[in-house]
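Reconstruct the complex from the two isolated chains, following the hints.
These are the residues of each chain, in order.
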Amino acid sequence: MSESLRCDAVVVGSGAGGAPVAMALAEAGLDVVVLEAGARFETRDFSGEEGEMIARLMTANTARDSGMEVYAGACVGGSTVVNDALCWRPPPEILESWRRDFGLVGLSDAAFAPHVDRAWRTVNASPTDREHLNRNAHQLEVGAARLGWSAEAMHRNVRGCANLGLCNLGCPSGAKRSALVTWVPDAEARGARVVPLARADRIEVADGGVRAVQATRLDPRTRQPVAALRVEADVVCVAAGVLGTPALLLRSGLGAGTALGRGIQFHSSVYVTARFREPVLGFYGPTMAYAVTEWSDVNGHRGSGFMLENVTVAPSVTASSLPGFGAEHERVMEALPYLARAVVVLRDRTRGSIAIEGDGPPALSYQPVAEDLTRIREAVKQLARLYLAAGASEVYLPVNGVAAVRSEADLAALDAVEFEPRALSLLYAVHLFGGAAMGGSREQGFCDESGRAFDVAGLYVTDAAALPSNTGANPQITIMANALRIAAGIAAARGARRSEEEGAR
Amino acid sequence: MTLPTGFSRDAVGLPREAVEPFARLDRRGFLRFAGALAAAGVLPSGCRGVPSELNPPGGVDLQVLSPRSYATFQAVAMRCVGPRGAGAIRARRIDPASAADALVARLPALAGPLVQALWVLEWGVAPLVAKWRPFTALDGAGQDRVLEDLMRSRLDLKRDLFKGLKSLSMLSFYSDPASRAQVGYPGALDASGIVAAMTYEPGV
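Going down the list, the protein sequences come from chains A and B.
When we follow our numbering, the leftmost residue of the first sequence carries the number 1, and every step to the right adds one.
When we follow our numbering, the leftmost residue of the second sequence carries the number 1001, and every step to the right adds one.
Possibly wrong hints are sitting among the right ones.
As the list claims (entries may be wrong) - Here are some chain B residues pointing at chain A (derived, C-beta under 8 Å):
| hint | residue |
| --- | --- |
| 1 | Cys1080 |
| 2 | Pro1083 |
| 3 | Leu1128 |
| 4 | Ala1130 |
| 5 | Arg1133 |
| 6 | Arg1145 |
| 7 | Arg1152 |
| 8 | Asp1156 |
| 9 | Lys1166 |
| 10 | Ser1167 |
| 11 | Met1170 |
| 12 | Leu1171 |
| 13 | Gly1184 |
| 14 | Tyr1185 |
| 15 | Leu1189 |
Honestly, the hints are just simulated from the structure, not real lab data.
Each residue gets a CB set at the ideal place from its N, CA and C atoms; glycine is no exception.
Chain B on its own, in the form it takes in the complex (with noise of 0.2 Å):
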């Protein structure tokens, strides 16, 4: 079985756990309105007020994320991976915005629709997310309380919006090597050994 045609075809570039949370996002009007009150200048894009942990590092060339949804996925990051992992994206070890920053940078078609996403979570409040300040402003059991409140609802709106943030999260952390020391996994077995004996070429 192979997908030549028409298949997703958009969607080539991207890991599958990712994916497809964020094509539905595409679809639904409450992302289009924040998209519109964003393109409207309503909504801020840059990093003021913004933790200064979350903001991207000098020298970070971003290509899809603004500052400020830089920030906001880097907030989502931390509280999904854990307080361990949190740490680690802290001190700056791993860096999944930038990742995931690089991921959707591949795939024009998806890029709007996380962006969207990111911006209705910092920037939406009760009742579409359970707040009345940016995401990034809230305490770690605040932002926890708002994930919570994205996973367990009624609404498959709400769901969507964290199974696709959530998804794209671990994904791009896990995908890190410096990851895995944290949960013991050594890497790929050998891979990189059997990639360089199969393309080594002996001398005559």
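Bound conformation, chain A alone (with noise of 0.2 Å):
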């Protein structure tokens, strides 16, 4: 069985670079096709069942040389239906970079600004207040403050938050201004289709142009294929993720002789774990809100590069990350309530790869680099310190076969440690860079500051595999901005080619 289906602008993926980009092509009076290999969920449909709600919503990939983990949402919305709502504008350093590094002069704040603007007002990016620090929060901020260390309640885009701590598994009070409640409505509204349930397989190119997606329907309940899809079009966004992006370019068999796979950048991620005297209840509240930034490198701060944040102390994410098993693993989950709970955030200096083996999962290679691993136990370390300044009677490393920490002096016990991805409990990242990127030559990227494809017609990268490096912050806003921006651009060169058709007439 097929179906065909003929649009204007065909979208690749919903979430924060796809969703943006339908809704302002769909402004732009564009007819737009958003294909999305997950399921629709509604708001009524987010249980708040740690098990269900990750399985219905998520899905992950491994690093093969490494073992790192990977995660990403898999439903319309795509992850900004399972992030924890944390907004950042794009660090002015970032850009900065971006300009001198990798050519992309045109990228000024000022191209950013109006595009950040309306990102950030859509979504309702707004200050974390007091009522919505919870005690998982105040502990680092606590442990911040006494060790003089600067931090910060993080922006979070919700309204009216009800803090029931499910942030990650689909906000079930709708207060989340995911891009499933904001950006895909409003594309809706303004005529643009959106097709769950379909993955993308290859981009067919002719004549030095895009013509069609090629996609399959999918089950809803097996994910097996069920019928073939084809739209044709004369712009496709590509918005697949930073896995899903490069491998469908490269299944259609695009982009030789650029960057095209290569480049890759994570936000290097694990948790340290800390027991409090008094209850701390870091399940409820909001998933994250608060950052220690004294090591941050972005946002005018001169650290190492990474931040601590505080993340939520659900049961089942709880006891997957920490370390070991059995009695003492137990005896650590039965003080559940008085558990804190924090990330790394680490801005990584490694470069990864994606390749594609048939059309199974992108073959991903990350390998951290020794500098990144070294700043990796110095933030275990610090965010160790924090804690035990802060009053936590023990605090629990991501390292296996190491004990729980009750004094600095114990902290020496790491640097014994080999300190390499398998040797931890799990380090993981959420948030990938790359792979499609821009660039100021071939070398540098597969498309241009426009994210256009070099050699493509009417072809353009939207999500953050645009983006050439990491940034430092949580980047859903960066995103979001970046996929507006080049969402404004090609609508402005459809005008201008239409004015000129209607001129020649």
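Laid out in structure tokens, this is it:
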């Protein structure tokens, strides 16, 4: 069985890099079709049950060389449905680096500003007030204050937050302003058609320009193919995620002589957990809200490049990430209401790559360089110091076989550990960048600073795969703003072409 | 960011911490070897000799796991979650093996690797797995030694085996509402009430 559609623009993906493009192009009068491989859920579908929601909303992959794990949303709205609602404007140092190091001379602060503002408004990025700083966040605040470290409450894209502690499991109250409840319905109100459970397989190119996207409709229960779908369009915007976007382009036979598939960067992350004498109840309230910026190297900070952010203490994910097993693990878990937990968000120096192997999942290669592993070790130590300063009775490091830390002297044990990815209880990333990046030349990227592929007319990359480096801060606003900026360029070019055609008549 | 194309699409439907260790195991030759042995009938799939507390209860309709691999998973889970959790499993209040079976049934690409991993753990012997008897035949201390050896091994494959089995054990155990009282977790804050309120339709 096969089906075909015709439109002005196909957007592959409905997350932070796809949904804003769909909205902006529809707003500009284009007939837009959005292909999304994941299913569509509504707010009422979000039960808050950890196992069920993780299983329904998320997907994962692993670096073959290091074993590092990466996670992302797999539903309409993409990772914005399962992220922790944190908002940072694009750091000025990052934009400067993109201009200086990647030849993207047009990416000025002014070029980004209107799109950042629009993204900020649309998702209602707002300061987090005291009412929404739970005790988990408070422990970071206390520890940082006692040590004299810089720290701040982060902005979050919420409206009417009910403190459920379920931001990352699909917000059951609808308070989180994910793409699912903002950009996607806004796009649909302007005529865009969103097709869930439609996996893009290949992009057809002829005479130097895009012609269509070949896709497969998936069974909602089994995710097995049920029908072919072909969507013809002169514009294709790829926003399938940092692994999905390069894989789709590679499968389409594109990118020869460019940096397609290379230059991938993460924000590598590990958890540190601490036990306090008073209840923390870290499973309620915003899943993340507070950041220690002392070692950040963006937004005016001059540290070695990591942030420490509080994170939910929901039971399944806490149990899976704590080191060890058995009686000691159970002893820690039985104190769940007394646990605080935070994550290291490292601005990696490592660069990875992906390749394709038939129709299987993309093969990811990402072997952390020594400098990154050294900084992760340092970040873990500093986070443990902070928790001890805040009054923690025990701190649990993310290293299998290392005992609980009760004093700073105990931290010396960490120096004796061979610090490599598989020694850690969980080394992962949810912030991925690059792989089909913008660059000043084919050697530096796959597309130019307008997001347009160097060699294919009408083909654009609009998601985090287009970003030439990591950003040092939670990236959803940067991704949305860049997507809007690219969409504005597409709409302007199309308008100019129409004017020329009308003038010629 | 969203991932509609080729991004572990086979992995859609499993908890994140559980998925990838098994995906890696699928590429490991020794697991394929174990699978081949099992397929050849060298390794039994029945529960002969397995402690009765590990056997699937009557009426459980396993979709992926054999009775033997069910028992092996249950034994791993009992050691991973600790003594009180093991008691809940033994008393059949929580059944992580059934939960894991249901999870991987939704994902054929990972079902095979899980089964193979369990076979390796059950039937593997030194130096691959630090024992000479089936895992389910060891006492608790013996099982802990095997898991410790996997966890601390310098071989990536063995640590992947440990991480995969541990993660799925923890997720399947702690996702069960019956585990909440043990850890003092009251459940998602009013989530069911919020959902009910949002789906409530007032009468005319």
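Hint check results:
no.	hint	result
1	Cys1080	holds (4 Å)
2	Pro1083	holds (6 Å)
3	Leu1128	violated (17 Å)
4	Ala1130	violated (15 Å)
5	Arg1133	violated (20 Å)
6	Arg1145	violated (11 Å)
7	Arg1152	holds (6 Å)
8	Asp1156	holds (6 Å)
9	Lys1166	holds (6 Å)
10	Ser1167	holds (5 Å)
11	Met1170	holds (4 Å)
12	Leu1171	holds (5 Å)
13	Gly1184	holds (5 Å)
14	Tyr1185	holds (5 Å)
15	Leu1189	holds (5 Å)
Hint check: violations occur at hints 3, 4, 5, 6; the rest are consistent with the structure.
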